[in-house]
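Visitor: Hey, can you piece these two chains together into the complex? The hints should help.
Chain order of the listed sequences is V and H.
In this text, residue positions in the first sequence follow this note's numbering: the first is 499, and each later residue adds one.
In this text, residue positions in the second sequence follow this note's numbering: the first is 614, and each later residue adds one.
FYI, nobody ran anything at the bench for these hints, they're computed from the structure.
Being a predicted model, the structure only gives us computed values, none of them experimental.
Some hints here could point you the wrong way.
Stated by the list, open to error - Pulled a few chain H residues facing chain V out of the computed Cβ check, cut under 10 Å: (1) Leu-803; (2) Leu-810; (3) Thr-813; (4) Pro-814; (5) Leu-901.
To be verified - Simulated DEER-style distance windows between Cβ atoms: (6) H:Pro-710 to V:Arg-625: 40 to 48 Å; (7) V:Asp-674 to H:Arg-896: 37 to 45 Å; (8) H:Val-889 to V:Ser-609: 39 to 47 Å.
Don't be surprised by glycine CBs; every beta carbon is placed ideally from N, CA and C.
Listed here are the chains, written in short residue letters.
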Amino acid sequence: MTAVPDIEFRAVTKRYGAVTAVSGIDLAIPPSAFVALLGPSGCGKTTCLRMIGGFEQPSEGQVLIRGRDMAGTPPYRRPVNMVFQQYALFPHLDVEDNIAYGLRQARPRLSAREITSRAGEALAMVRLAGYGRRKIHELSGGQQQRVALARALVNKPAVLLLDEPLAALDKKLRTDMQIELQNLQREIGITFVLVTHDQEEALSMSDFVCVMNGGRIVQLGQPSEIYDEPADLFVADFVGKTNLLSGKVAGHSGELVDVTLANGTVIAARKRVPLSRGDTVSVSLRPESLSLGAPGSGRLTGIVRNRIFLGSTAEYAIEVQGIGTLLAKADHLIGQGNLFKPGEPVAIGFAAGTPLAFPDPKNNGTNQRENQHVEILS
Amino acid sequence: MSVGPEAAFSMRGNLLRKNLLTALLLAPATLWLVVFLVLPFVAIAIFSVGERAPEGGYQAAFTLAQYANLPARATAFWNTMVLAPVGALACLLVAYPVAYYLALKAPERWRLILLALVVIPFWTSLLMRTYAWMYVLGGRGIPALLALVGIEDVRLINTPGAVLLGIVYGYLPLMILPIYVSLERLDRRLLEASADLGATPLSTFLGVTLRLSLPGVMTGFSLVMILLLGEYLIPTLLGGGKVFFIGNALVDLFLQSRNWPFGSAIAITLVLVSVVVLIAANRISTRLSGARRVDLI
Numbered sequence: 499m500t501a502v503p504d505i506e507f508r509a510v511t512k513r514y515g516a517v518t519a520v521s522g523i524d525l526a527i528p529p530s531a532f533v534a535l536l537g538p539s540g541c542g543k544t545t546c547l548r549m550i551g552g553f554e555q556p557s558e559g560q561v562l563i564r565g566r567d568m569a570g571t572p573p574y575r576r577p578v579n580m581v582f583q584q585y586a587l588f589p590h591l592d593v594e595d596n597i598a599y600g601l602r603q604a605r606p607r608l609s610a611r612e613i614t615s616r617a618g619e620a621l622a623m624v625r626l627a628g629y630g631r632r633k634i635h636e637l638s639g640g641q642q643q644r645v646a647l648a649r650a651l652v653n654k655p656a657v658l659l660l661d662e663p664l665a666a667l668d669k670k671l672r673t674d675m676q677i678e679l680q681n682l683q684r685e686i687g688i689t690f691v692l693v694t695h696d697q698e699e700a701l702s703m704s705d706f707v708c709v710m711n712g713g714r715i716v717q718l719g720q721p722s723e724i725y726d727e728p729a730d731l732f733v734a735d736f737v738g739k740t741n742l743l744s745g746k747v748a749g750h751s752g753e754l755v756d757v758t759l760a761n762g763t764v765i766a767a768r769k770r771v772p773l774s775r776g777d778t779v780s781v782s783l784r785p786e787s788l789s790l791g792a793p794g795s796g797r798l799t800g801i802v803r804n805r806i807f808l809g810s811t812a813e814y815a816i817e818v819q820g821i822g823t824l825l826a827k828a829d830h831l832i833g834q835g836n837l838f839k840p841g842e843p844v845a846i847g848f849a850a851g852t853p854l855a856f857p858d859p860k861n862n863g864t865n866q867r868e869n870q871h872v873e874i875l876s
Numbered sequence: 614m615s616v617g618p619e620a621a622f623s624m625r626g627n628l629l630r631k632n633l634l635t636a637l638l639l640a641p642a643t644l645w646l647v648v649f650l651v652l653p654f655v656a657i658a659i660f661s662v663g664e665r666a667p668e669g670g671y672q673a674a675f676t677l678a679q680y681a682n683l684p685a686r687a688t689a690f691w692n693t694m695v696l697a698p699v700g701a702l703a704c705l706l707v708a709y710p711v712a713y714y715l716a717l718k719a720p721e722r723w724r725l726i727l728l729a730l731v732v733i734p735f736w737t738s739l740l741m742r743t744y745a746w747m748y749v750l751g752g753r754g755i756p757a758l759l760a761l762v763g764i765e766d767v768r769l770i771n772t773p774g775a776v777l778l779g780i781v782y783g784y785l786p787l788m789i790l791p792i793y794v795s796l797e798r799l800d801r802r803l804l805e806a807s808a809d810l811g812a813t814p815l816s817t818f819l820g821v822t823l824r825l826s827l828p829g830v831m832t833g834f835s836l837v838m839i840l841l842l843g844e845y846l847i848p849t850l851l852g853g854g855k856v857f858f859i860g861n862a863l864v865d866l867f868l869q870s871r872n873w874p875f876g877s878a879i880a881i882t883l884v885l886v887s888v889v890v891l892i893a894a895n896r897i898s899t900r901l902s903g904a905r906r907v908d909l910i
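Bound conformation, chain H alone (with noise of 0.2 Å):
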């Protein structure tokens, strides 16, 4: 059978349709993408090798003095590029366990429920849980009940380690569910395999199960790390102004000092610190897992 012209014609109405069917499911995303991601990201880029108006917000220039200026908030960077990692390995410490034993040891028609409790504090929001162990970590909470046993000044609140726990606390489900999909998707046989050609358990689990679960890890951890970058709430409610973030220097500089070239310069910055996270967590976990992708997310 020929394909005459009309055929063809209307096969490529077909494709045209097609097309024009994608382009409209994907307008809404990329119109949202374009209007709030694109669009002030080179504002922000635009602010960025600008300067401060007199009256504070932006005035058109090109200088590249507030990237200059960048070491007058060396603490906030040195602050968040330390507690970040700490906050990012402290959490995977913690949900490692948790997520080994749920994939590998929780008995299977438990496993939905724990599953389940561990993300239910999800339904909270944050604010109200960092609320909550402000009071517990406050001079009415665990430091009065130390004293009831003869401890006295025990300081807790507006330290790094109360901002260490609040990170733990807050994100350790993003660490947990990762971690946990990739150990569930783990091979048993491959275990069996190990112990069979005469590994010890440890070294089954140092030479297979953590090697084959780091996508999980390198994904858990890439995502509380940038998370903890742009953190704002816990360093200010737990660490009450002492340890301060990026996040804290952003809010002061673009609400209360209305510098925003050096707010910008500061964002851009981080975002930079980001990707640069990313890409390198993505190299490690595929290297050193010999998968051929990972899935970041």
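One chain only, chain V, in its complex shape (with noise of 0.2 Å):
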């Protein structure tokens, strides 16, 4: 990418005291993107988002914003607007003053004319119209949700920063607002940068997902490529559901692995990183990358445990002798009655190099775990 990045992270380390919440950091985030940062709670991806903000300041690196060094320039001096969780609206303003709130702070003064009109076009784009002179409590979580949209875009800043603004929300709305900030996203064209432990909402709404972990980022790309290949063994167990399946590396096939499971049984994977003859290993395989027939016809065989029926889906736990219980989804297709009863022996297949191997931290070394060789992690 030639052009200036909208916000650029060089070797940014935050510390708290002894603890540090983000670690040498290198981001590049380029103009009209929609970026997700991905993890689990205390991952440092608030952090991060606070950083651009304005709210912390590195302890270490640079934050810029469109290639200009953001060290020392407070909050209120940066081209950037939050979304709060919970949105941080002001109980004594009404809806308009609260959207009008950045707009009178504008120096040179803006006409109050243009101040009426601006706030009520922003109101309008978030579809509130006529909703000015309510007061904040009198609205409900979706209307709250996008009177903090419209406040903080009605600034119309290089970069919009979301922490975590759906988490307050009902599913049902939850994905409605995906579909609405992704259209929003779209129509003006800024940089979003949105911060959410939610893979799916990662997943479902951002161009690339900035997968982040201790303090790290762990993996950026395009949600497919996280979801389809997770650069390491966290990515493939945070993002979406897999079966973990644990094994020994027994020789390689050109560009596969052989891996050895627990019961004896040897399938070919795919690897991220260079394995050698003899590494425990850890092998992904994605619900709906196995295949269901009938035994005898696959290369590992179980017997159907449970079985959620989910419409369009359903998926099978199944249980594998000297394996464990593998999480399986088959599409549901009518008419075709090619459901599995619980109780069913049931064979299991796969694409050759479909699963993927990733040396396994946890079984390496001392602490081996007996017995425990397979999560379904969802």
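Guide: Pasting the structure below:
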């Protein structure tokens, strides 16, 4: 990318006393992108967002906005605006005054007419025209969310920061807002940086996902890359559902490695880092990459324990001797009657190369876990 | 399951017992208020439309003469009406920065200790502390020290300034605490949101912090103001009779000249003024802070 990034982190570290929240992050966010910072709580994603907003100063390194180093620039002089968690709307102001708050701070001053007209436009943009004189406490959660969006966007920031903006909404509203946010971003064309711990939200809304763990960036890529080609075991585990099977590297066959599973089955798996014979690995198998068939046809055989029928798909918990319980997801085609019943034996197949092998930090070294070869992670 | 007459009866019995318990628990306070607040207030109201008996005290009558006579004590009213709000305001100006520091800036582990320091003067009676001020401001106090460096004939005691000083000193904690509470409750993210939207620290203070702490300010202000309307001690000790408050006028009328009806008229007027002040303060803070409810005291 040749364009100046909207946001750039250069070797940024943030420490609170003895605790390092963010360590040595380098990141460039291109203009007009929708980027999600995704990770479990305490991974440093919110700290990163707050460093862009100016509420925290990096202990080391630089944060640049559109090529300008922001060191020493207070929040009120930065060309970014934030949608806060739980919105932080001003309770003593009505909807319109909340939205006009930023416009009233502008220097040189804007005319009263311009403030009113821009606030009105912003209200219309978030579909709240006519709500200008409402009090904040009279609004529903979804409406408050949209006021917070309008209040930030009305200032025409270079970058919009969103701190877990959908966390307080119910599921239905959340899905609606995901679409609305995506549309807004495309319409306005500015960069959105979203912080979330919800991988579904990150995958569904953003152009790029930046997965963070322990204060570092683990992987940066498009949602499909993150899902299909996770950089390590953590990403495979955190993003989407997957089955993790323990095994040992038995040998190499071309690009693939042969992994002996706990029950003796050998499967061919792709790898992200060089592996050598004898290494303990975890093999990730996505539930939807498993295909189910009549016994005797697949690579593994098991017994259906539970079935969760979801309409278009069905999820099965299948117990495989010597390995544990695997989660499989199968399309349900109307009229084909292809549902397996609990207690039925079933063969599990998967295309060669769909399994992905990662060195397993937990199983290497002394603390070997026993009997717990498989985890189903959601 | 249907509810038979017996069950209904026992339910009613339960309800009765519950109400009885509530009544029992409230009885002492109610009795106290009726005997020591409502009845005296009614008595004072009746006195205020009566006449002074020739030998002093009260003589039954119905006349508004006492109220018509209020201007005779205009000075006391004037002094009170000026010094009470000015005193409350002076208190506020001193208290706000302290409360702000305690709530928003003071290190967490020092906060409790500092708060305790604010309250500790209450452990000694106001009388004693005001006596101490008499000495500090009196001829052998600060003026004596000033004389040492050549500044002669400074008069501090028995001036309005001394009364004001005593007021600020005596009522400061009552102002600090409610403001502290409202600032402490303030959602810090609102301050960040304000800064994020381009407001300088000063704009944020005026537009958010101050506005949202107004309920506390109004609580402190009306609390101090109302207590000052009936203040007797400080003007007596530090004003030396020269700064005459309504409180002093009342003592004089009831105990010295024994003009109970006139004293009663003044007392009733004072109560009415207090109520008006309370209502006004409540209205103002509700309007400005957008709060739906304001806790007074």
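Visitor: Taking the hints in turn, state whether each one holds.
Guide: Outcome of the hint check:
1. For Leu-803 (chain H), the shortest C-beta to C-beta distance to chain V is roughly 5 Å, which falls under 10 Å, so the interface hint holds.
2. Look at Leu-810 (chain H): its Cβ gets to within about 4 Å of chain V, closer than 10 Å, so that hint holds up.
3. For the restraint placing Thr-813 (chain H) at the interface with chain V, the shortest Cβ-Cβ distance is roughly 6 Å, inside the 10 Å limit, so the hint holds.
4. The restraint placing Pro-814 (chain H) at the interface with chain V holds, with a minimum CB-CB distance near 8 Å, inside the 10 Å limit.
5. Satisfaction of the interface hint for Leu-901 (chain H) is found here, the shortest Cβ-Cβ separation to chain V being roughly 7 Å, below the 10 Å cut-off.
6. Checked against the hint of 40 to 48 Å, the pair Pro-710 (chain H) and Arg-625 (chain V) passes, with Cβ atoms roughly 44 Å apart.
7. Evaluation of the 37 to 45 Å hint for Asp-674 (chain V) and Arg-896 (chain H) yields a pass: the beta carbon distance comes to about 41 Å.
8. As the Cβ distance of Val-889 (chain H) to Ser-609 (chain V) is approximately 41 Å, the hint placing it in 39 to 47 Å holds.
The structure shown violates none of the earlier numbered hints.
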